[in-house]
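**Q** Fit chain D to the given chain P structure using the hints.
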Amino acid sequence: MITVHNLTKDYGLNRAIENLNFTAEKGEVLGFLGPNGAGKTTTIRILTGYMPPTAGIAKVGGFDVIEESLDVRKLVGYIPETVPLYEDMRVYDYLKFMGELHRIENIDDRIEEVLEQIGMEDRSQSFIKNISKGMRQRVGLGQALLHEPEVLILDEPTIGLDPKQIIEVRNLIKSIGKERTVLLSTHILSEAQQICDRVIIINQGKIVAEDAPDNLQSRLSSVRKVNLRVAKEPKKAAAIVRDIAGVVAVQVNDGGLIQFENIVEQDTRSVVAKKLVESGFDLLELTPEVVSLEDIFLKLTREGPDLSEIEHNTSSPRNIDESEG
Amino acid sequence: MRNIWTIAKKEYSSFFYSPIAYVVGVVVFLVMGIFFTFDLNSAILNQYAPKITYLLDILIFPLIFLAVPILTMKTLTDENRTGTLELLLTAPIRDHELIIGKWLGTFLFFLSLIALTWFYPLVINFLVEPGIDQSKLVANYLGITLLVSALTAIGVYVSSLFKNTIAALIASLGIVLVLWLVSAPAQFLQGSAADFFRYLSITEHYYGSFRAGIIDLQGIVYYVSMTILALFLGTRSIESRRWR
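Same order as they appear, the protein sequences are chains P and D. Using our numbering, the first residue of the first sequence is number 764, and each one after it goes up by one. Using our numbering, the first residue of the second sequence is number 64, and each one after it goes up by one.
Here chain P stands alone, though its shape is the one from the complex (with noise of 0.2 Å):
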């Protein structure tokens, strides 16, 4: 459905996008991750047709961006990320407006169904001013969803929700995914997780990963750093796990965890088990550590590309998402 092919764009000097190369199928969420300025709006702005690219092919249902502009923008529903909307309008008049622009039959009947969707049937004859952020939010996914679109271009449609709002509109998302296409740029790495059937991490204007948020995790995740915890003395189990063969790094740390690695592709775990227990330790944990989605996600966006680096640089999953949103 959307199929972009060296995609470049460039601000004058600078060069906000560089040789992209992507494709979203029928019934895919694509999950568009990037810190900010990371050029996911410049993406989703030439994918609309709102702006050309420099050099590179973009497509939408086949449509050519540029040459066939009009076509690519009737199967685009869109919100942009600072959510615009006519603020002296009634929702109900707003939705007429743009369903008008895209000349949806029985208007007014589609307009009901999407405030049914959106859940504003009783806001409709507010002023867009006057409701809350929450409701504009959901007021231009409504607008984005009016002409029932092929190709559904998010850009960052969580942000300013409550986390009551948030889960209603990722489900929202989902089922419309299932159908159609989806495109949904977003930095919050849970969202990205939960509702995406594919990621793609871009930084600096460049793809640094894609795959499904699972895969790139599991590829990523590795029994290299493995955490150990015994019911008592940490320290002499340590000494017995370092004097076990292909284990480097040994380390305790104040909680009385003990956390070592296992030189690449040896997995140690089964042998320290067998050693600690026979040694008359209580063994209460022997897990390897995950790289969570946040870990791979700001590796990437510090240090660019190299996928190898990142096994050696694990933490544990910090959960910094729903704060961002």
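It cannot be assumed that every hint is accurate.
For each label pair, taking beta carbons as the anchor points, the in silico distance ranges come out as [to be verified]:
| hint | chain 1 | residue 1 | chain 2 | residue 2 | range |
| --- | --- | --- | --- | --- | --- |
| 1 | D | Tyr-270 | P | Glu-884 | 36 to 46 Å |
| 2 | D | Leu-103 | P | Lys-896 | 48 to 58 Å |
| 3 | D | Leu-174 | P | Ser-889 | 27 to 37 Å |
Pairs of lysine to any residue, SDA-like flavour, derived with a Cα cap of 20 Å [claimed, not checked]:
| hint | chain 1 | residue 1 | chain 2 | residue 2 |
| --- | --- | --- | --- | --- |
| 4 | D | Lys-226 | P | Ser-895 |
| 5 | P | Lys-859 | D | Arg-157 |
| 6 | P | Lys-896 | D | Gly-146 |
| 7 | D | Lys-72 | P | Tyr-855 |
| 8 | P | Lys-859 | D | Phe-295 |
| 9 | P | Lys-892 | D | Tyr-80 |
| 10 | P | Lys-892 | D | Pro-155 |
| 11 | P | Lys-892 | D | Ser-77 |
Residues of chain P placed beyond 12 Å of chain D at every Cβ, according to the derived structure [stated by the list, open to error]:
| hint | residue |
| --- | --- |
| 12 | Pro-847 |
| 13 | Arg-873 |
| 14 | Gln-928 |
Keep in mind the hints are simulated off the structure, nothing from the lab. Because the structure is a prediction, the values reported are computed rather than measured. We put the CB at the ideal spot given by N, CA and C, even for glycine.
**A** Using the frame of chain P, we list chain D on its own:
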């Protein structure tokens, strides 16, 4: 065509949500009302028939020359500033449909305002014997309509260039002033050179012919081409925004 009408309708109704349109409307009718009353009193005292052109002169300057730039300054600057331009430029509409729709909506608003001023000639027609010269009145109003059409198109074009409404207002007033004063060199020139500068002036055609009751083809061509030129430039300005 349908898109033009959709945008024009929205633009027209947006004036009624904005206080500035009411302020302009009140000022226009207040000023005209005051002058109308003075003129009527003076006509009764001095025993002359009140002239409609006296009142229409007030309508044109300063009212139209100020009101049109003030009300057109926001047409696209606001869309640009609030980001709604992105919605319009990613909707399936052509750039010229956007510009013409914006112009048409604003122009229709002014036409409504001007239509209301027809009240004054009606009153005068009722007061004087044997009534006022209707054909002259029609020529006057046709001239005003054409003038407003060109001024509105210029205002919409200028607003497509700016994100800041004050900058758009000043630029728009500046262009109107230049188009007004461009005939000034004519008084130092003779022959076709003088005619050329006079032809360029946006006020010359109105004052030179329509005001005197003459429906002048040259004037119609001037105002219509000025409107088309400004709308064309506006469309190019929106197009170029995509490439910036």
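**Q** Indicate, hint by hint, whether the structure satisfies it.
**A** Going through the hints against the structure:
1. Tyr-270(D) <-> Glu-884(P): 36 to 46 Å: Hint violated: Cβ distance 57 Å, outside 36 to 46 Å.
2. Leu-103(D) <-> Lys-896(P): 48 to 58 Å: Roughly 55 Å apart at Cβ, these two residues keep to the hinted range, so it holds.
3. Leu-174(D) <-> Ser-889(P): 27 to 37 Å: holds, 31 Å
4. Lys-226(D) <-> Ser-895(P): At roughly 26 Å apart (the allowed maximum being 20 Å), Ser-895(P) and Lys-226(D) break the hint.
5. Lys-859(P) <-> Arg-157(D): holds, 19 Å
6. Lys-896(P) <-> Gly-146(D): holds, 16 Å
7. Lys-72(D) <-> Tyr-855(P): holds, 15 Å
8. Lys-859(P) <-> Phe-295(D): violated, 28 Å
9. Lys-892(P) <-> Tyr-80(D): holds, 12 Å
10. Lys-892(P) <-> Pro-155(D): Roughly 26 Å separates the two Cα atoms, so the pair is violated.
11. Lys-892(P) <-> Ser-77(D): Given that 20 Å is the threshold and the Cα spacing comes to 14 Å, the pair holds.
12. Pro-847: Violated, because the least Cβ-Cβ distance between Pro-847(P) and chain D comes to about 3 Å, which does not exceed 12 Å.
13. Arg-873: Non-interface label on Arg-873(P) holds, nearest chain D Cβ at 16 Å vs cutoff 12 Å.
14. Gln-928: holds, 21 Å
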